[in-house]
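So the sequences go chain by chain: S and P.
Under numbering that gives the first Met the number 0, the first sequence has 136 at position 137, and the numbering climbs by one with no breaks.
Under numbering that gives the first Met the number 0, the second sequence has 93 at position 94, and the numbering climbs by one with no breaks.
Be aware that one or more of the hints could be misleading.
[Said to hold, decoys possible] Pair by pair, the computed Cβ-Cβ distance ranges are:
#  : chain 1 : residue 1 : chain 2 : residue 2 : range
1  : S       : THR89     : P       : GLU93     : 44 to 50 Å
2  : P       : ASN68     : S       : ARG225    : 40 to 46 Å
3  : P       : ASN68     : S       : ALA365    : 46 to 52 Å
4  : P       : GLN23     : S       : ARG229    : 21 to 27 Å
5  : P       : ARG97     : S       : VAL95     : 31 to 37 Å
6  : S       : ARG228    : P       : ARG24     : 25 to 31 Å
7  : P       : TYR64     : S       : ARG225    : 42 to 48 Å
8  : S       : ARG229    : P       : ARG97     : 50 to 56 Å
9  : P       : PRO84     : S       : ASP174    : 50 to 56 Å
10 : P       : ASP61     : S       : ALA365    : 41 to 47 Å
Hints were generated in silico from the structure; no laboratory data involved.
Note that the structure is predicted; figures quoted are calculated from it, not measured.
C-beta: ideal position from N, C-alpha, C; glycine also.
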Amino acid sequence: MNRLLASLFLVALAWPAAAEPRGTGDLGIVIERAAGRVAVVDRAKVARLATVEGLGDLSHAAAVFSPDERFAYVFGRDGGLTKIDLLTATVARRVVQSGNSIGGAISEDGRLIAVANYEPGGVRVFDADSLELVADIPATERGDGKRSKVVGLEDAPGNRFVFSLYDTDEIWVADFSAGATPAVTRFTGIGRQPYDALVTEDGRFYVAGLFGEDGLVLLDLWHPERGTRRILDGYGRGEQPLPVYKMPHLEGWAVAGNLAFLPAIGRHEVLVVELPSWKQVAAIPVKGQPVFAMARPGGRHVWVNFALPDNATVQVIDTETLTVADTLTPGPGVLHMEFSPRGDRVWLSVRDKDEVQVWDAASRRALGALPADKPSGIFFTSRAHRIGL
Amino acid sequence: MLRLSMLLALIALPALAAEPVAEQRLRHLLDHDCGSCHGMTRKGGLGLPLTAEALDGRSDDDLAYVILNGVPGTPMPPWAPLLTPGDVDWIIRELRSRP
């Protein structure tokens, strides 16, 4: 009884409003990667509500949300998959499902969580309630006894997961529409070293960036029978690539009207392509190697952050004039940006200042900051309702 | 003599209490920037593991060459524009010191 009382007391401490019913639409999490924990935040109040500890190595951690926006699934670097209850700020379930992993996705129906693994290379799929293993999809062997690393794992309509095999130059589609045993379609020889990917907001296209070649690969998920095709082929042809001190990220990519904005690799440019032709129409010179190019919801601007040595800067691109409209300096180590769902505010993690900054996205003024220990990814619950996030 | 040893102790104290700024910068870079590909625990990711065990059998010269010049055909970039050879020596010592 005493123990029960004590634990109730602890819950009350962790969550002062536990007795009050509340929604989760304003909530989010911030990854504190060195400390292996996440902060539960309220983006409307700009408040840090609670801390959830014990999540292992969170370098390069990412998260997805359950359809009811109550649970966050956090993918750690060390193979950890942790289900966090945002209402109680506690770990609801946790499994260490591989030795080394790189992000994941939630299925269209919200019942499956897929994780991309480096070691052993492949994808493992779990029941979203229990985190019990549903399916294991080993990647292609690469010739040295190991299997290819898997990257760019995305959800797609029809309860499909789409992902890329970094070492063996493939894209696979795992279709779970018929149940727990997926139908897997393999596209081979797609281009060298796919390193990350995105699914467009309408769920139609899967686009993988290539590290080993200048270009991207497009798969039309309405017509997978047509196979993959190359886009932006040879976008930097003839130029010596610049060193890339942080790999660009394609998820959270930017689309504004009929234009899409993508980070170039080895070029200090944001590439602009026209949809649905996927032809390049411009390359916007920017301060450094872009990491994320993210559209403010509504598409009026695209915010871009950078790799070393330019990671103290954020640039804002005007999507009408295709020029840099503003250069901001939030501070060293800007790792991630997350917009409020209607785009009025943007949160920036500024790692080397140990803070998360909140900016007004229209006036581009800093409104405030929350302390956070080496913050990296910021994820708001509104992602629950976006295809490909 | 006593005064000299006290003076030496005073000089040594700050060094014991806190790592020199240059080393802090390098440790930070190693943990976070190297760590984004090689893992904060150095067990590998997109890049190879960098634990002392994993690096056993590779010479300091070999490691310094890789760090300064990168590995063509892989995402490992040349760090020569951002690091001095002295920085690289420190990083290699640090990598070898941790299991």
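To see whether the hints hold, each was checked on the structure:
The beta-carbon spacing between THR89(S) and GLU93(P), approximately 36 Å, falls outside the hinted interval of 44 to 50 Å. Remark: the range hint 40 to 46 Å for ASN68(P) to ARG225(S) is upheld by a beta-carbon distance near 42 Å. For the pair ASN68(P) and ALA365(S), the supplied restraint of 46 to 52 Å is violated, since their beta-carbon distance comes to about 40 Å. Checked against the hint of 21 to 27 Å, the pair GLN23(P) and ARG229(S) fails, with Cβ atoms roughly 45 Å apart.
Under the hint 31 to 37 Å, the C-beta atoms of ARG97(P) and VAL95(S), about 22 Å apart, miss the expected range. With their beta carbons about 45 Å apart, ARG228(S) and ARG24(P) fall outside the hinted range of 25 to 31 Å. A beta carbon spacing of about 45 Å between TYR64(P) and ARG225(S) agrees with the range 42 to 48 Å that was offered as a hint. Distance hint for ARG229(S) and ARG97(P): a CB-CB separation of about 43 Å, inconsistent with the stated range 50 to 56 Å.
Distance hint for PRO84(P) and ASP174(S): a CB-CB separation of about 53 Å, consistent with the stated range 50 to 56 Å. At roughly 46 Å, the beta carbons of ASP61(P) and ALA365(S) sit within the given window of 41 to 47 Å.
Hint compliance for this structure: hints 1, 3, 4, 5, 6 and 8 are broken, all remaining hints hold.
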